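Asker: Sequence:
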Amino acid sequence: MNKPFYLQLKEVLQEMIEDGTFSPGKELPSEHQIAERYGVHPHTTRAALKLLEKDGFLQIVPRRGAFVSLRNYSEISEDQGFTIPKDKRKKRRRTKIVLREAGPYYAKILRIDPRDELYYFKRIEGMKEPLYLEEVFLPVKKVPRLSEMNPDIFPLYEILAQNDILIERTSQRLKISDASKSVRKKLKLLDGEVVLLLERADFDREGPVVFMRYYVRSEDLAIEVKFKRNRINK
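Counting in my numbering, the sequence shown tops out at residue 264, every number present.
Treat the hints as calculated values from the structure; they're not laboratory data. Predicted model only: the values in this text are computed from it and were never measured. Where a beta carbon is used, it is the ideal one built from N, C-alpha and C, also for glycine.
The calculated lysine to aspartate or glutamate pairs, modelled on EDC-like cross-linking and capped at a C-alpha distance of 20 Å, are:
#, residue 1, residue 2
1, K171, D146
2, K215, E155
3, K138, E229
4, K80, E45
5, K211, D221
6, K80, E61
7, K84, E45
8, K211, E159
9, K215, E164
10, K216, D182
11, K152, E164
12, K56, D194
13, K56, E188
14, K126, E165
15, K205, E229
Cβ-Cβ distance ranges computed for the label pairs, FRET-style:
#, residue 1, residue 2, range
16, E198, S248, 28 to 38 Å
17, G69, R94, 17 to 27 Å
18, D221, D85, 46 to 56 Å
19, T200, V91, 23 to 33 Å
20, I90, E45, 14 to 24 Å
21, P92, D146, 30 to 40 Å
22, R243, P72, 36 to 46 Å
23, K126, K218, 11 to 21 Å
Using the sequences and the accompanying hints, generate a full structural model.
Answerer: Take a look at the structure:
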């Protein structure tokens, strides 16, 4: 007995993912394009894609498309050192990536040459209201094909892990800061309102990997401190 078309299509697409035809982070053709290519109904395509998502091969983003999942790293953490109510942090706007020179300030933080190129991007996260503004400074040489891996779809730490960069330690500094006019506008703050500014640098075995800033609306913030007691051998 022949398999249903959606299962046959699922197997074809899964094989293309596994053999690298569709690489991790890559967007698949649209449902209609896949349907036309294989001569099936779009509903058949949709059923196949949903199965691939269920099995962990895809991540489907409403109104965006289907993206090949990155490798699963259970120990990766993107915890910023603060927490935000889950019902308020579901929406992430598209990420626009630009290239810039590191300059002396970021070169010192990231231990690179001031003339080295950085990816710079910022994004606002929140649901109905903006909760925090994130800025990211990442040396291009760390992830040369970052834009192809859809950082507005996948967490940065999954992208780093996909490039065999595993974060081993983090340095963070939190302070109350006056909000600039630009930050107030993006976070919809009134004149004179302050933000909580978190500066964070993440390191792998070789040194600094990425530097980030988070400008956070203070009323939506909770601080969580974790520590581990090391046993002293006598």
